[in-house]
Amino acid sequence: MGLKATHEKLIERSAADLRQLLLEGAVSAEELASQFLHAIKEREPKVQAFLHVDETAVLSQARAIDEKRKRGEGVGLLAGLPVAVKDNMCSRGELTTCGSKILANFRPPYDAHVIQRLRQADGVLIGRTNMDEFAMGSSTENSAFKMTCNPWDPERIPGGSSGGSAAAVAACMSPLALGSDTGGSIRQPASFCNVVGLKPSYGRVSRFGLVAFGSTLDQIGPLAHDVPSAALLLQAVAGHDPRDSTSIDYPVPAYSDTVDQPLKPLTIGVAREYFGEGLDGEIETAVRSALKVYEGLGAKIRDVSLPHAKYGIAAYYLVATAEASSNLARYDGVHFGHRAEKHGNLIDMMKKSRSEGFGPEVKRRIMLGTYALSSGYKDAYYLKALQVRRLIKDDFDKAFTDCDVVIGPTSPTPPFKIGERSDDPLAMYLADIYTVSCNLAGLAGVSIPCGFMKAGLPIGLQIIGPPMEEAKLLRIARMHEKATDWHTKRAVV
Amino acid sequence: MSLDAATVSWVAHLARLDLTEAELATMTRQLNAIVTYVDQLQELDTTGVEPMAHALDVHNVFRADEAGQSLPTDEALANAPERRKNSRGEQFYSVPAVLD
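Heads up: the sequence lines are chains A and B, in that order. Positions in the first sequence are counted from 1; adding 292 to them yields the numbering used here. Positions in the second sequence are counted from 1; adding 601 to them yields the numbering used here.
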């Protein structure tokens, strides 16, 4: 595995570039789909990013789009671009497993909102990607089915829980992917795989059809090689949906139209709490270099404080697990999903079905959440966490009066070796320190490539912005991208 | 605050989970470590702080009370582990008896 800077192969080019070729007619959707399907055939044995790929269906989707264009009907925003989808977004009639045995044979009777939008935009749904079970994890090691490896180092994790989506893009098996982010699950794998990963503000993208983990925290977002491509995919799926009562009724700006416009003036907040103990020295160096790049582009750097930052993990793992314990109560063997073959009464049926179907991390989180909500403990744990959540949000509100965005590392440490943290759930949780606050406060956050460790492992820069300011966030991210070339590197698989 | 095995057993029952002896021991140990960690929230004085349950200040998002389209029964029951028909041909999810 190594670095590759030139893009002769179509599969290595960014989605934004490929879209131009598709619109010009220089390549057909079918030809492009074939090339990515070929890449999947070649690279999947090593990377294992996908849970399901249906070649026939993919080519048939692509052909239909080519026919549309031939008939002069005009094509949607995605114009035939392949998009890989994390396996927790319902696709009608297709296996949607959430990386769990309990849904191993589940075929939803409806499409998620984002799936409908992808189809409307003429995206080609190229495959369903691997993930930590029910999105619970930071390494994709909690998938019940397979382990995805990091295309930059096959002995290391791709990150999680959207590890499959990040690896699929990084290994050039798809130019675009959708992931979901509850505590960092788009941004962290993006940073580990040298791709762009954006978590939109809460309510920006409809959660209808996204299998729920933490209902006040979950958001679907794009992963891509570069910022304009991420902007394109976000534009294709964002917007109000009456079927999701938490989706915000706010117009969607044309993100791809403005993404190349730098922001001037620009003030960047650097939180001192993000640069303390536990941050790897090489990562800190890369992040500070990125800040110098911004200074060179005319940005002001301002010291800000997020005093409650260190309580983010504790608050998150109470709120998220409490919500999860409620959301996962539906998997009881009654209506769908795994039902135990041998069981006693109704309650025993539910217990056996759940115990057989869920993996250890899911059980752990359900238990923690149930405990945090149980009589006698709810005030001390769940409600306390919700109060701390407000303090964390207030910290950001205050910081944003002094700066446009807060910038820091996405992860305190580089991608670790597969199996290295399996025995210590708490150590795994602590790695989310920079990402969870964004979900708790409902903010928008993006991770972009900003360098590599000496060992060749990617480093991500996280940019956090106020709610509903994705257009600005993307423009700011693009400024760094245009002045550097980290995003042009491709893993050799 | 520390959890004993009895509490963990009780929580498992509430969560409709069956734990083996070994799982109970591991779970007790792991949950204790996590709960000890999250106890640091008690350091903070949160008097008068309004709990924040939602990232957005959206209230009472209602739709008109009009009947719309529903999933046909066949589709709705397609993933049912067990189903049954009554004498009128109506389909149901089939479960062990709820009442003894």
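Keep in mind the hints are simulated off the structure, nothing from the lab. A hint or two may mislead.
Straight-line C-alpha distance at most 35 angstroms; calculated DSBU-like pairs for lysine-lysine [unchecked claim]:
hint, chain 1, residue 1, chain 2, residue 2
1, A, 634, B, 686
2, A, 690, A, 438
3, A, 301, A, 746
4, B, 686, A, 393
5, A, 685, A, 301
6, A, 781, A, 709
Over 12 angstroms on every C-beta distance to chain B, these chain A residues come out as not near it, computed from the model [what the hints assert, rightly or not]:
hint, residue
7, 408
8, 761
9, 781
Just so you know, even glycine gets a beta-carbon here, dropped at the ideal spot from N, CA and C.
Would you pick out the hints that fail for this structure and give their numbers low to high?
2 and 5
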